[in-house]
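Undergrad: Chain by chain, the residues run as shown.
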Amino acid sequence: MAEPIAVKLAEKQRAVSVAEFFERNRHLLGFDNKRKALLTVVKEAVDNSLDACEEARILPEISVEIIEMGNERFRIVVEDNGPGIVKKQIPNIFAKLLYGSKFHSLKQARGQQGIGISAAVLYAQLTTGRPARITSRIDAKHPAHYFELHLNTQKNEPEIIKDEEISWKKERGTKVELDIEASYQKGDQSVDSYLKETAIVNPHATIVYTNPKAEQSIFPRATDKLPKEPAEIKPHPYGIELGIMLKMIKATESRTLQSFLTNEFSRVGSQTAKEICAAAGLQTDMKPRELELAHVEKLMEGIKKTKIIAPPTDCIVPIGEELLEKGLRKEVAAEFYTSVTRSPEVYRGIPFVVEVALAYGGQQPADQPVRILRFANRVPLLYQQSACSSFKSVLQTNWKPYGLQQSSGAAPNGPLTVIIHLASVWPPFTSEAKEAIAHYPEIIKEMKLALQEAGRRLGMYVNKKRRVASERERVNIFERYIPEVADALAQLSGENKKVIEDQLTSMLAKNKEFIQANVAAASEREEPEDDIKLTGNAERDEE
Amino acid sequence: MSEAKKKLQTLGKELVEGVKKGKQPKLDVPIRALSNIKYNEKTKTLELGGKSSERLFFNVGHVKKFAQTLEVAKISKQLLDLQKHASLRDMFYMAKRTLPGTNTNLVDEQSESDNAIEDLEVVTGFSREQLNVNANKNGSVAGHVVIEDKGDTIDWARMGSGGWSIPSNVEEIKFKKVDAKYVLYMEKAAVWERLHEDKFWDKQKCIIMSSQGQTTRGLRRLLQRLSSEHKLPIYVLCDYDPYGAYIYSVLKYGSINLAHMAESLTLKDAKYLGITSNDIEKYGLKKHFIKLKDVDVARLKQISEYDWFKNNKAWQREFKAMKAFGAKAEIQALSARGITFISDQYLPEKIKNKDWIE
Numbered sequence: 026m027a028e029p030i031a032v033k034l035a036e037k038q039r040a041v042s043v044a045e046f047f048e049r050n051r052h053l054l055g056f057d058n059k060r061k062a063l064l065t066v067v068k069e070a071v072d073n074s075l076d077a078c079e080e081a082r083i084l085p086e087i088s089v090e091i092i093e094m095g096n097e098r099f100r101i102v103v104e105d106n107g108p109g110i111v112k113k114q115i116p117n118i119f120a121k122l123l124y125g126s127k128f129h130s131l132k133q134a135r136g137q138q139g140i141g142i143s144a145a146v147l148y149a150q151l152t153t154g155r156p157a158r159i160t161s162r163i164d165a166k167h168p169a170h171y172f173e174l175h176l177n178t179q180k181n182e183p184e185i186i187k188d189e190e191i192s193w194k195k196e197r198g199t200k201v202e203l204d205i206e207a208s209y210q211k212g213d214q215s216v217d218s219y220l221k222e223t224a225i226v227n228p229h230a231t232i233v234y235t236n237p238k239a240e241q242s243i244f245p246r247a248t249d250k251l252p253k254e255p256a257e258i259k260p261h262p263y264g265i266e267l268g269i270m271l272k273m274i275k276a277t278e279s280r281t282l283q284s285f286l287t288n289e290f291s292r293v294g295s296q297t298a299k300e301i302c303a304a305a306g307l308q309t310d311m312k313p314r315e316l317e318l319a320h321v322e323k324l325m326e327g328i329k330k331t332k333i334i335a336p337p338t339d340c341i342v343p344i345g346e347e348l349l350e351k352g353l354r355k356e357v358a359a360e361f362y363t364s365v366t367r368s369p370e371v372y373r374g375i376p377f378v379v380e381v382a383l384a385y386g387g388q389q390p391a392d393q394p395v396r397i398l399r400f401a402n403r404v405p406l407l408y409q410q411s412a413c414s415s416f417k418s419v420l421q422t423n424w425k426p427y428g429l430q431q432s433s434g435a436a437p438n439g440p441l442t443v444i445i446h447l448a449s450v451w452p453p454f455t456s457e458a459k460e461a462i463a464h465y466p467e468i469i470k471e472m473k474l475a476l477q478e479a480g481r482r483l484g485m486y487v488n489k490k491r492r493v494a495s496e497r498e499r500v501n502i503f504e505r506y507i508p509e510v511a512d513a514l515a516q517l518s519g520e521n522k523k524v525i526e527d528q529l530t531s532m533l534a535k536n537k538e539f540i541q542a543n544v545a546a547a548s549e550r551e552e553p554e555d556d557i558k559l560t561g562n563a564e565r566d567e568e
Numbered sequence: 310m311s312e313a314k315k316k317l318q319t320l321g322k323e324l325v326e327g328v329k330k331g332k333q334p335k336l337d338v339p340i341r342a343l344s345n346i347k348y349n350e351k352t353k354t355l356e357l358g359g360k361s362s363e364r365l366f367f368n369v370g371h372v373k374k375f376a377q378t379l380e381v382a383k384i385s386k387q388l389l390d391l392q393k394h395a396s397l398r399d400m401f402y403m404a405k406r407t408l409p410g411t412n413t414n415l416v417d418e419q420s421e422s423d424n425a426i427e428d429l430e431v432v433t434g435f436s437r438e439q440l441n442v443n444a445n446k447n448g449s450v451a452g453h454v455v456i457e458d459k460g461d462t463i464d465w466a467r468m469g470s471g472g473w474s475i476p477s478n479v480e481e482i483k484f485k486k487v488d489a490k491y492v493l494y495m496e497k498a499a500v501w502e503r504l505h506e507d508k509f510w511d512k513q514k515c516i517i518m519s520s521q522g523q524t525t526r527g528l529r530r531l532l533q534r535l536s537s538e539h540k541l542p543i544y545v546l547c548d549y550d551p552y553g554a555y556i557y558s559v560l561k562y563g564s565i566n567l568a569h570m571a572e573s574l575t576l577k578d579a580k581y582l583g584i585t586s587n588d589i590e591k592y593g594l595k596k597h598f599i600k601l602k603d604v605d606v607a608r609l610k611q612i613s614e615y616d617w618f619k620n621n622k623a624w625q626r627e628f629k630a631m632k633a634f635g636a637k638a639e640i641q642a643l644s645a646r647g648i649t650f651i652s653d654q655y656l657p658e659k660i661k662n663k664d665w666i667e
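These protein sequence lines map, in sequence, to chains D and E.
Those letters in the first sequence? Residues 26 to 568, by my numbering.
Those letters in the second sequence? Residues 310 to 667, by my numbering.
Hints listed in this document are in silico derivations from the structure and should not be mistaken for laboratory results.
Every residue, glycine too, gets a C-beta built ideally from N, C-alpha and C.
Keep in mind that the hints are not guaranteed to be accurate.
What the hints assert, rightly or not - In silico lysine-lysine, DSSO-like type, Cα no more than 27 Å apart, as pairs:
(1) E:LYS514 <-> E:LYS580
(2) D:LYS523 <-> E:LYS315
(3) E:LYS314 <-> D:LYS523
(4) D:LYS329 <-> D:LYS259
What the hints assert, rightly or not - Which bits of chain E does chain D cover? Going by a derived footprint, with three or more residues having C-beta under 8 Å, they are:
(5) 315 to 321
(6) 324 to 334
(7) 371 to 377
(8) 380 to 386
(9) 592 to 598
Can you build the whole structure from these sequences, using the hints too?
TA: This is the structure:
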């Protein structure tokens, strides 16, 4: 008798390491193509630097250098003045996927999962074979450490190729050097625009950028005020799914269900915990470890039935209207700026804040769709625009009252830059590459309200500008015709042209109010000349 | 100095006087549209009503038209001074220019300068021919008629295959000899050529006249002079469609656009010879029908409601029949009965039997 087929199949079945999985699915992390890879590597390094500086309350000074090495290879060097990394942690942070400080906490930050920079290291390794080179120093009293690292894709563990102490002129900071296969292009979705946009929403950071053509741009900081340190919060019961609840129950050290609820969740006091238990039909003194799946399902039902106040929102640190406008002013030349920071709101138990800023006019093209710059937790989102809530909320807003042109279902046309920023302890991205914000109705609603508020201010400006222009136009139109009419009158009557012209000009000057009053009448049809419309050849009476 | 020139000068002087007193320049322009047209039962002509619109200089909506009207007045005065005539097209180019320092043109299309001239006509009471502006000549005539034009003697019987082409201004023409019993005007130049080739005017002792489509002023004035000075009956031959009826209407009662010129241009005694609904039946033209389009039906309804047709039983019968047929027919459909059928049988028969509509 032959072996069951399952036995044979079992020979091929084995665990796939996370590293192997991502090696094959690099697009999930933003390495779809060579151009995007360049951006993603820079972005991960810069995001980490900014997060680290802010956490250490240091005003960020970041230098980004891209060197073209020929044959589609680029060296990327990102250096910051951040807190540095202790020696022991350097290999794990840079050469182990899913290793990080942020996954386990609910706190507003750029990074989330601890994938980004190690994925960049992995990408470098896969395309050029060169190890990542990290230099870090924590203060003047400690030496600088230099590492060369590979990532073992089978085990998802760092491989240390070189580990030495070096002398470094910097007292504190971290420097990352990666060689990758990439291609460089300017324009939208480029490193250049990513850094420019980063400078807009991080007005406290100074960024020095040298591109592959050895052109240097400096984005100086516009403020010395660091953003407030965001507070860490516990999850809110409304935002918890069954799987996570099970995990939390397994991990908790609380002895009773009631203390589990009050200890592990925000906005749950003993009263609320009792209510939840009552609604779920569970005893408050049950031991969490003894809860079975059926109990946990009941608990979830109980949470749904209980009224729990919204999570605290002081954990969100928006950029703020003033600073957002400052950042926009320094990077986008326009004639009118406005910005709106909404009050915090909650989606699925997770607090968030929407901010919008507009820059109107200047040299921006008037006959093209408006430029939409999307951000989440101060990080520019450059890809997947049409899949993003921000874009959707711009489309769903009626821009016509604000003086822009818009055909239904499309983005408005006009000389306008729109900035939409979502700050949240957990921005809901549609994919791990963090390119678009998922369509939660609560988020879209807030975005639209913010756009409308900013839009109304824009509308007042645009309409006033238009009024002034048309008033000027009205007076101008007569000025233009005066010489023509004066000439005709002079020739008909035999009088002096100059005299007539002067007379008409002084009448124009005296009668500005009269002329303006006249305008209302002019908008009506001047005479009913067209009230019959002859058709066919009969229309051409006399040709 | 001609009357027209005097009038233009007065117009200019009055406006300048006003300006000197601080009054803004304005023109009173009678409205040339159906809303301001009255049909005078007694004289059987269209007349311009009393409605006029003020055209103000200091008005954003008026200023361009105001300037255009004064511009053509200025050009007309120059022409009168030089004793030269300009065509409507010339006039357009003389007025067309860009205002200094702008991208605005004084006139953009010829229709604008044409309109300005018609406005000037109603403002001054002089026809554009009197203002030395001529339309393009359009139309041919043949018959036993001898005229004198600018010192030249012209015999309409000896003008070859094209006939004499009718100028836009026929005021100065002198009739030396008119040997005809009637004038036949037709809508189609092609039909005129057919009749001319058949020497119809010679055989029937008549004058044949045509223009392509709508009648020009020169042609209408010529018809009117033949009618009033030589008492010739005028017969009109048109396609069987709403526009044919309107061509007849313009000849007889005047046109809506030129109601201010009605008196010098209408032909009170013009008779509509064909094609009529009776002809359709009698000559079996149904098989050559062309279906009426929606615009044709709309136009038919419009025309049938004109004051001057409203109470005309014969015409109302025609309109009703055309609507019932839901179709129109061309004059040339008669050629199906033989190439010379129109000149040998159709026209002589119609005229002999007085088979026409008024």
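Undergrad: Next step is simple, just say for each hint if it's right about the structure.
TA: The hints, checked one at a time:
no.	hint	result
1	E:LYS514 <-> E:LYS580	holds, 18 Å
2	D:LYS523 <-> E:LYS315	holds, 23 Å
3	E:LYS314 <-> D:LYS523	holds, 23 Å
4	D:LYS329 <-> D:LYS259	holds, 18 Å
5	315 to 321	holds (count 4)
6	324 to 334	holds (count 7)
7	371 to 377	holds (count 6)
8	380 to 386	holds (count 4)
9	592 to 598	violated (count 0)
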